[in-house]
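Take a look at the letters that make up each chain.
There are 4 protein chains.
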Amino acid sequence: MSDSPPPASVIIALSESYSRVRRQSESLCEPLVVEDYVVQTMPDVSPPKWHLAHVSWFFETFILAPHLPGYRPFNPGFNYLFNSYYQGVGTPFPRAQRGFLSRPSVAEVYSYRAHIDTHISELITNLDCHRDSLKICELILLGLNHEQQHQELLMTDIKHILGSNPLLPAYSKKIAQNVQNSMVALAWVKLPGGKVAIGHDGKGFCFDNESPRHNVLLNEFLLANRLTTNAEYLQFINDGGYENPLLWLSDGWAAVQNECWKAPLYWRRIDNTWHIFTLEGLKPVNPDEPVCHVSYFEADAYAAWAGKRLPTEAEWEHAAADEDLTQGNFLESGRFHPLPAQTGKRLMQLGGDVWEWTQSPYIAYPGYRPPEGAIGEYNGKFMCNQIVLRGGSCATPADHIRKTYRNFFYPHNRWQFMGIRLAADA
Amino acid sequence: MSDSPPPASVIIALSESYSRVRRQSESLCEPLVVEDYVVQTMPDVSPPKWHLAHVSWFFETFILAPHLPGYRPFNPGFNYLFNSYYQGVGTPFPRAQRGFLSRPSVAEVYSYRAHIDTHISELITNLDCHRDSLKICELILLGLNHEQQHQELLMTDIKHILGSNPLLPAYSKKIAQNVQNSMVALAWVKLPGGKVAIGHDGKGFCFDNESPRHNVLLNEFLLANRLTTNAEYLQFINDGGYENPLLWLSDGWAAVQNECWKAPLYWRRIDNTWHIFTLEGLKPVNPDEPVCHVSYFEADAYAAWAGKRLPTEAEWEHAAADEDLTQGNFLESGRFHPLPAQTGKRLMQLGGDVWEWTQSPYIAYPGYRPPEGAIGEYNGKFMCNQIVLRGGSCATPADHIRKTYRNFFYPHNRWQFMGIRLAADA
Amino acid sequence: MSDSPPPASVIIALSESYSRVRRQSESLCEPLVVEDYVVQTMPDVSPPKWHLAHVSWFFETFILAPHLPGYRPFNPGFNYLFNSYYQGVGTPFPRAQRGFLSRPSVAEVYSYRAHIDTHISELITNLDCHRDSLKICELILLGLNHEQQHQELLMTDIKHILGSNPLLPAYSKKIAQNVQNSMVALAWVKLPGGKVAIGHDGKGFCFDNESPRHNVLLNEFLLANRLTTNAEYLQFINDGGYENPLLWLSDGWAAVQNECWKAPLYWRRIDNTWHIFTLEGLKPVNPDEPVCHVSYFEADAYAAWAGKRLPTEAEWEHAAADEDLTQGNFLESGRFHPLPAQTGKRLMQLGGDVWEWTQSPYIAYPGYRPPEGAIGEYNGKFMCNQIVLRGGSCATPADHIRKTYRNFFYPHNRWQFMGIRLAADA
Amino acid sequence: MSDSPPPASVIIALSESYSRVRRQSESLCEPLVVEDYVVQTMPDVSPPKWHLAHVSWFFETFILAPHLPGYRPFNPGFNYLFNSYYQGVGTPFPRAQRGFLSRPSVAEVYSYRAHIDTHISELITNLDCHRDSLKICELILLGLNHEQQHQELLMTDIKHILGSNPLLPAYSKKIAQNVQNSMVALAWVKLPGGKVAIGHDGKGFCFDNESPRHNVLLNEFLLANRLTTNAEYLQFINDGGYENPLLWLSDGWAAVQNECWKAPLYWRRIDNTWHIFTLEGLKPVNPDEPVCHVSYFEADAYAAWAGKRLPTEAEWEHAAADEDLTQGNFLESGRFHPLPAQTGKRLMQLGGDVWEWTQSPYIAYPGYRPPEGAIGEYNGKFMCNQIVLRGGSCATPADHIRKTYRNFFYPHNRWQFMGIRLAADA
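Heads up: the sequence lines are chains A, B, C and D, in that order.
Following my numbering, the numbering of the first sequence begins with 29 at its first residue and continues without gaps.
Following my numbering, the numbering of the second sequence begins with 29 at its first residue and continues without gaps.
Following my numbering, the numbering of the third sequence begins with 29 at its first residue and continues without gaps.
Following my numbering, the numbering of the fourth sequence begins with 29 at its first residue and continues without gaps.
Derived by calculation from the structure, the hints in this document are not laboratory data.
Errors might be hidden in some of the hints.
Claimed, not checked - Footprint (simulated), chain C over chain D, 3 or more residues, beta carbon under 8 Å: (1) 112-125; (2) 271-285; (3) 384-396; (4) 408-420.
The structure displayed is predicted, hence computed values, not measured ones.
Cβ coordinates follow ideal geometry from the N, Cα and C atoms, glycine included.
My request is simple: use the sequences and hints to build the entire structure.
Next comes the structure, spelled out in structure tokens:
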């Protein structure tokens, strides 16, 4: 039995979204030279051309191959090369070797993208007579959200590729005018506790890990009105924060020792002044900007040093419930760098700038079940050893973030745009 | 201002506990030859003599040195060698090198123990006129609970030392008569949800991580009436459980690949029959016994295969609220091996036999704060990357376990007596 | 006191050599796409653009900077990036991270080359009035021989980059017509012993490690008339050569186990037939071609299996004394692959095709002294743990090889064009 | 056809040697506590009880099992545990895990030794009527020389075990009176070149690698009259020897960096004074003693710094031809530590004190062939990547050394009693 097809307006909107999102990925790569597309500077990083191909592979594998009659893959070898981690559709190419692949060339990857776009267009055009039209719409929506996630990864990986190069090349010299600095004093916003619902309510798109919506009990708590700044974090550094094991989680202290951490990623001391590498190149640390590129271990140690703690993800979502996240410093600003807090709101910087480490391990919500099949590998199998981050960053597309959005990384990861908002018991 | 000293009866009881616990540690080592005390078969394992010395160092460092006037350490070099992970009292000797230490000899370690015992006795005898008598009582109680934890580790490490040896020597050939086997059918006990209090209520000793007591919301749920058996786990193995990535967490599948896991630890296939190494030596797998020595990854994959899930720690504690944990198969039985479930109870095997993996990451309860000073490193700094286990095992002293007790290990660890109890949504 | 300048004819010849060699490097890269220039598939491999830049850095650092008045480096950052291992001129960029460098771009590297060429031309043009003209000539000659060595490395590294890619792209589909196969029977050429002089006689260019010429004592010995063929090596494989530890050196057997060697590098079994990856793409193994891409360990094990041995480098050089090496299958043939032996000579394939493993560790000749300064790091500091190979390969420029030429690699290396010629006691 | 049996006097002498050598091994272990027998502080080190068992396994495997009718192994599991590297008689237990074996106990190992001794005695007693009597005599002689090699390893491994322990326990506090210090000036002995025979002449026992005797050509050369002293080596250290890459072989400089070498093994700086750990415990460095526990890399770098070189093994053997090696500081002195040179000889310290690094890679002599069978694995398969040392040390049994004796270790090894004698071109 076939679905009843979605209304034409929905199909048109989907088609427009598709074009817009796909174009966005390519536009982010415009400042690159061909060589930048190829390099993998650590196993966590993927070469930009791999991202561009992988998101296309996602459409090909989960939509075109099963749902477009007569579809033939662009290149059968790509199923191995561009499968990230979907064991259900074959053994993926080893992640740490993505930088070994000079071929397919960047030009071929763009051809691959065009090939996918042509066929997705064809599929959308004929969607009204397809028996699985609703499911296909959902999958395309998933594919677009997937591609938006990779847009953020594109920017963080490009930053790592350029920032690992001793020549410290800029992604773009003229990114955007910085807004004026402003010294917003740290203040504490008191939030009520009680039985609180978190998780997605099912209206509009969400990832499976955001559901089911459910109740949790919260105590009254305090949340910082803005993100932790570089100036504040420098006090932690200057107070010997990186030398004092009593401030750190056990695994965190091991990371400090093994990785010789002395400051956030991309910080370097030159002539006695701290600098940071940004996508505009090397700059002196701006004390008013939010600290960025810190691991969970560093965020937790900083909170311990400050006599505070990180919020839980439920506290964060509860605090955000009445806030507008959409006006933040997102990908579209073209800054690719967090901005100092601007006065005028009770809770500033909740959306954009930097992902905010919570203290919550990334686990399933009560009653969560991953979808059937390979697509079920999307989120569920990572629910171990990772920590939830909330709120999006300056590399997140603005229409991609939600208050219920759960990002997650390992506690030692630092290469994303990650920062700190403190909390405290009331 | 000095404390008012505890009543004499409390002091006498403490003194008796001290003697009993300290003797217990040594009695567990009686079947060993000197060589068994020295070996470290993997970084997680400590040589038995190291355990015996470390628990004594704990009394010396946190009680005798600060509280017994004029106390001089047995050997100043021991502070480096037998500090496990207390960065607050100095850099510890590297954990992975504990097996490099032929000295101090086992005899010297026993002298060290006697020296500590003499001085703790002296301290207890004069406790009524000590200005910090209450605090000292608390610290001695902590020291004894600490030593009981190491009694369990002693047994699991001895098992690893003997079980890693190709000669497969038994710890003792005549451990204890096994009880009769029994086939208790798997059944599901329905437990009500609601607002439920978990955590320690402050009456009697508990570790800091069990508090504060607080409310959580639970849905109605089902809990297996007994532990998962070897027979059931064998079905998972025979059904290709270790070859199917779709059943595993992502980090779990990596562990399966890297460690070549094909079965629980200590299982080996001989002439087409599965055997397990026990402290009595090698034996054929008993299908009715609880499966033991599985990692969290294996427990989770088994649950996925079975179409069920693991319980949360709150569910487990809630289910245990009305149960009697004290009649289980604990250390004192001298079996050092889990037993088949015996009929007669609604929920069997909650206490003893094997620690039960929950699905809950080991994190702080709301409002938790570690104690000040080095003793604060006891639990808090491990609240990352580990998973909670509940209920105690056949190597846990019976009076050491509590319903609120939170054990924790990394999800890849298998060398403890760890097993599986399934849960499900109601 | 200045040198008397070399004659004009010498300067003209040098200038022509310079142009020819420099052009050759670039011409070898013509079939590449930009992406191929960037990738490093193992620490031993360098990205092609790194080779192109490094050989230019060599001219810049050792000739232009010290000898061309007023010379300013193209980019001061390049001294760090393109220094291979000359500790005397600064700490080199970590070798294993050469593939992390997307910048400088390939276009910039070609500009760098043009910049160097312009300035070397300027230096050569004015050489007759330069006080160090003779020394500069020698250094340019060294720089050209250095670049020729990197031409071979370019080809072996390009082969590894393409051959590591699951798409198995060809460097060029139409490389060259293969000559006809021919079955030349293995025969033994007896060579007389006695007091024999080896090493370079000082006429014309040589590397420092080829001197001083000195006498050695040789016993009469036998040398195979041709290289070991794939057919012969397949017998070793099929006879279980890779499974029999008694045939292998101890470190060799460890390599077989750790690297899971089952055949030479680039061999893969498809549908029960052995294939090899060549720069023309994947082809079935040709039984008459010399076996190629075997390590010293494999060469030695093969010789043990055959009941023979490898020649010493003195034996090889002695045997080659009356032979003409120049007519072999070298780089200029454009085949980049060894050819079957062609009848007509007593000793075939001595020059070109594949480098021949000797049994001689790479050590200093009696009385050898490396040159003063950083240039002394060229050869001397590698005289440990490596093995001498002789005769050049299909990737060696024909005018680069000499009978006294000592190539050297670690005994586990396989990615060069390396093969086997057997020897035996007479 | 059976051998004609050796004369009774030979058999008696062999029997006496057997008793003496076997007793010697046990006597070296007398100062140990049981725990010292068990520990393995790095993969190169074996636990003392492993040495005691392995040398017995050698007699059992190569003599008793094949030649004593009806012999039954003491424990069949020992063939796996105590096989060092003889792939021909089975896969050996992993070397790096020898310290994981608490069993067999030390007492069982001594029982194993007694069992072997009883049966070898039985074999020797009945040797005159054994058909393979000559071969058995040869094998027993090999077994005794093998055990003597392990006596040296016992002492170097015991030193490493005690010296790795932060308590720095002494093997024995009263080892032996030191002889008086003496400042023997460094002088150069000129030795003639020419055609020179080296290698064993076949009279008496030798290892296979010492033969065949053969001629080599030597130039006239200079050899230092004594070993390099601590005072001299300290000049190298103080001159920045460990910080100057230009002095080092490439692989040596990598070792300096990776291992953070700043001085020889067992040196530690305390209160601004260099100390060394000896088997008597920690002592200040004696400037007149030979420097000891240096790698080949350090010996070579020191020689480069001094403007000299190391001798070849042929030069060393040639220089020793007319010298008496037997009066040196060997194992029997009970000092286990090198002594300052004593005046009175042209070439001092050639025998004993420290093994002298030559510049010669350990390779086969022309015409060398390993024996057939597993016993052929004794020496031949190590002829790659190692360097020859000559002359014996303070841990070598005096009757074990020969002028033709070729010891060999990897160039990074330092834990043997290894030192430096300089050479130079004449």
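Verification of the hints:
1. 112-125: holds (count 3)
2. 271-285: holds (count 8)
3. 384-396: holds (count 7)
4. 408-420: Holds, because 5 residues of the region 408-420 of chain D bring their Cβ atoms closer than 8 Å to Cβ atoms of chain C.
Hint violations for this structure: none, all hints satisfied.
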